[in-house]
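Chains A and B, in that order, give the protein sequences.
Read left to right, the first sequence gives residues 1 to 370 (the working numbering).
Read left to right, the second sequence gives residues 1001 to 1294 (the working numbering).
Just so you know, not all the hints are guaranteed correct.
Derived lysine-lysine pairs resembling DSSO-like cross-links, with alpha carbons at most 27 Å apart [unchecked claim]:
1. B/Lys1069 x B/Lys1156
2. A/Lys74 x B/Lys1096
3. B/Lys1289 x A/Lys131
4. A/Lys133 x B/Lys1203
5. A/Lys133 x B/Lys1286
6. A/Lys10 x B/Lys1100
7. B/Lys1156 x B/Lys1060
8. A/Lys276 x A/Lys367
9. B/Lys1096 x A/Lys10
10. A/Lys102 x B/Lys1203
11. A/Lys253 x A/Lys282
12. B/Lys1184 x A/Lys102
13. A/Lys30 x A/Lys154
Hints are computed from structural coordinates only; laboratory data are not their basis.
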Amino acid sequence: MSNLSLRNIKKVYPGDVVAVRDFNLEIEDKEFIVLVGPSGCGKTTTLRMIAGLEEITEGEIFIGDQLVNNIHPKDRDIAMVFQNYALYPHMSVYQNMAFGLKLRKMDKAEIDSRVRNAADILEIESLLDRKPKALSGGQRQRVALGRAMVRDPKVFLMDEPLSNLDAKLRVQMRTEIAKLHKRLNTTFIYVTHDQTEAMTMGTRIVIMKDGDIQQVGSPQFVYDNPVNVFVASFIGSPQMNILQGRVIENSGKIAVELLNGNIVNLSSEKEERLTKAGYLGKDILIGIRPENLHETEVDPLLDNYSTLTSVVEVAELMGSETYLYLAMLDEKIVAKVDPKTKKRADDQVELRVHWNRIHLFDKETEKAIT
Amino acid sequence: MNMYRNKKIAVFFMLPAVIFVVLFIYYPIIQNFFYSLFRWNSFSPDRVFVGLDYYRRLFKDPVFYIALKNNALYAFISIIVQVGLGLVLAAILEEKAFRKYQTFFRTTFFLPAVISITVVGLLWQLIYNPNIGLLNAALKAIGLENLTRAWLGDSKTAMLSVIATSQWQYTGYIMILFLIAIQKIPEELYESAMLDGANAFSKFFYITVPQVADTIVVSMIITMIGGFKVFDEVYVMTAGGPGRSTEVLASYLYRSGFRNDEMGYAATIATIIFAITFVTTLIQLKASKANKEE
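So here's chain B without its partners, still in its complex pose (with noise of 0.2 Å):
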């Protein structure tokens, strides 16, 4: 019998994946949902059921809608800054006058990406700092004194100067993800259509774009799913303040576990988490199939 048609073997051979799959996350996303009825928190012996009253609550929360505002902002930047700028910044590396610069460019540039968020985050909350920060000396430098402010400080600007630093962190994290997708069109694709009349505009809109397509829905999901996950770089640079401006659901979830100790809140903002960025990647899968077939 040949064993690679011999679906006990299959079966046999993926079983440590399966089980690791689903006790680490199939498991886990149901006990969540489990727990999301009922009150209770990490001292009480016993759970009071609630049904869906947290659910309830959560949607009368206006802080739960500062948070998902946030987040949305989080994605929405994070998916045209890094997939978006990513995609130009590898699509201008390769091109074949900046070759020579790409090894020294892409260090750079995915350099941010292996730093420790903790660090990232002191490093920016100095650039940021209103008094000796990085920042306001350079807009002094240049005589745009007007526009310097406390960056973390300012409910205005506190959110986006944090997205702005994972854009910075993570933006030469998908340029090589773009980088090797690019690598691997056909070079003559670019010389046929050099022939055929394209500059590099029209290179980089006809070939580069449909030739990576599954990059870049791979990576919009990516980011995107990062978006409503963020946590690390809103708690160390601002954990949720000035006030509540800066609040994303998972630091709202957080201070919901761990602070004020309602396990059973918590756990419904991270079943909403799941709910958004499951339904939101599913779309997504879904319409790239649709351009593809069409």
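Only chain A is shown next, with the shape it has when bound in the complex (with noise of 0.2 Å):
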């Protein structure tokens, strides 16, 4: 068994510098976790202490039901792949694969058709015999993974694996990195800054702010309900518009008033979740992910949706879409539209948002009202 258990797990450097504050996790047999976050949120810290390359100030680790906090990294049965893969630049591929099954005093025999096993399912075997300065940075990750996984850890580690590869490579390495979890069925647990790495990978994810944790679930989950702004615009891209408003009471039904006198309509749970929690009269802020404004024409009576009126600020052309930049008096915001769309910059647009699609936040606490 490969669970993970961290328990009430809190880093602090000298200097009363606070990494990770209060971490509480446990991770599953076979998952794929993504911890996610800006830099300095304390991931990587994290996933250190997990490997062992870094004392615990407060807390406890459990893989599998071991306690690990005085664990040597070397007996801990994990592998992991730094940054920059820290190969040894003296060894070659081979050797390189080879080498903490060799100090294992693992069977020559052994070593060898594991490390040819790894060099075949990462297309690697032509490469065994040559130095990692003769490797394009795309192969030393195929050799770093393969290092990580001949050893058949409990748990694999990855500290942003992909971050020192361009951006073709990396969409690539990233369905076989995905790809490789499957085939190897064991723990993941893979740290980025990247919010399109964490959604496109993981099976849960963490994201993590100034060493607290902020949600932990499922990508779409995630999406879908981010616990807080920050939640919100961290994950999605381009992130998620978040205007002001104030909930007041419109012909009979609760809405939002934005600051530039658009309504906002809810959906009847919204309307309920508001009054309930007394916001009725109150400031708060309202989230809407670009590709939930649309510029279709919609039936006011009949759809479920809402307007709001702007002027396009630029309107970049990706291909697929286009993003609208747009400003409501001093709130700026971005529509992901058709690519179809005739507006450019100057134009006045109306755009719709289904009454579904809104989050609604605490303008002091920045939390979701739920």
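Relying on the hints, combine the two individually framed chains into one complex.
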């Protein structure tokens, strides 16, 4: 069993720098967990504590049923892929992959078969005699993965493994690592600052900020139900539009009036939520994802859409879609619309948003109103 | 025209250095060899051509072999102690647990290298002094009185005593070279090795040593050349004595040139020192290159 349990993990660096505050997470066997957050959020520190490269200030880490706080990294049965690969420059690819097994005094024939098997899976057999210097970034990445694979560890740790690759290769390796996870069938813990990697690879993602976990959940769940403004704007690209508004009663219905006077209607379930929590007449924040703003004509009587009026500042043609950057008084918003749009800079535009696609946040705490 | 591709400008910029090297290094080497073919002294108005006579004499000279053996011992022990111990010390000081004490030890170990050799010589003469010396006093204090002796006065221990002083003086210097080299090794290599199952010893042998291989070669060459060129330590502490037991090539050169006033013979010894260091350096460089390509 290779489930992990992190309980009340805290890391304080000398000089009272708190890197991780109170990290609690149960990781199931064979999960692909992605720790994601901006730099300095403590995600790498957390990973390094799991690896044993960083001392744990407080709390407990269990791998399986074993408390590993005081267990040497080599005895934790984990493998790690480093951001810059950390291949041994003076060893060939084969030696790099065999090194861990050799140190563990494994039988030579067994080492050979493991290295060749891993090389076969990663399609690097032809590179086995080369030194890391003679490899491209993508090839080094594969060797680093291979070196972790041959050990057959309980847990795979990866620290931003794709950040040194070019954009195209990154997309390709993303799917390869996801495939590798299926094939190896072990627990993966993956650190990244890139929300796309988190969304596409993780079975669950852990969003962190300033040493605290913000939210844990499947990518889709987190995307649909962000717990606060930070998560809402961190996950998704381009990021969610956050607008100020006031909860009002408008012809018998609870709605939100934006700064420019636009009225945003809500689903009845959300109306109830706001009333219950006593937000009537108060300022709140609403979140609308760019892809939920449409240019289409709708029937305001039959369809559950509200309309935002605004002026285009920049129209960015991406090919498969067009991003409209708009100004609503002082607030900037982005809409991801159909590429067939005729709208260009300085055009007036009406955008529709479905009532169900509106996220509500408290203005003070920035937490989702539930 | 691109300035960096202009060969004329490149040559022009290199010229000052080239002139210096030729004038003060290559020319004297050749001139020294030329001098070794003549019998002359500092007062003689003319030089007598003797061909390779001095070389024949040198190879039959028993003192030359004593000196050669002493130099070889000097170089051998220096390589083992300065390079070996220097590397180990540097690796220890770079270990996580020792890093906070590094500044203190680094300074302490390096300090002897900046002290003038005359001071060091006098200092160690006192330490080795049979009557008031620290070494004998220390041996007596721990009950090893039978090991006490006149360290520099006994032809059995004089050479090793001088060599020991050199190790004390220069191990710290070589250690600094290794500290710099080790600090350049990416930390992730050690971390990765740790996860791969490496303990302190395997980290040292599989990561540190191969990663500082270049520095090992360079410092081996430095200490080897130092071992064959050594003069001041010997001259200050024993001046080649007792008898000829601590004679080294350089002190023999000095004796031949300035005591016996046989400049030709002194030049011959100088040529031999050059030949030995030149050839051994070449061999070491070749060996390290072969190692790298393998």
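Outcome of the hint check:
| no. | hint | verdict |
| --- | --- | --- |
| 1 | B/Lys1069 x B/Lys1156 | holds, 14 Å |
| 2 | A/Lys74 x B/Lys1096 | holds, 17 Å |
| 3 | B/Lys1289 x A/Lys131 | holds, 16 Å |
| 4 | A/Lys133 x B/Lys1203 | holds, 21 Å |
| 5 | A/Lys133 x B/Lys1286 | holds, 22 Å |
| 6 | A/Lys10 x B/Lys1100 | holds, 24 Å |
| 7 | B/Lys1156 x B/Lys1060 | holds, 24 Å |
| 8 | A/Lys276 x A/Lys367 | holds, 16 Å |
| 9 | B/Lys1096 x A/Lys10 | holds, 21 Å |
| 10 | A/Lys102 x B/Lys1203 | holds, 13 Å |
| 11 | A/Lys253 x A/Lys282 | holds, 15 Å |
| 12 | B/Lys1184 x A/Lys102 | holds, 26 Å |
| 13 | A/Lys30 x A/Lys154 | holds, 9 Å |
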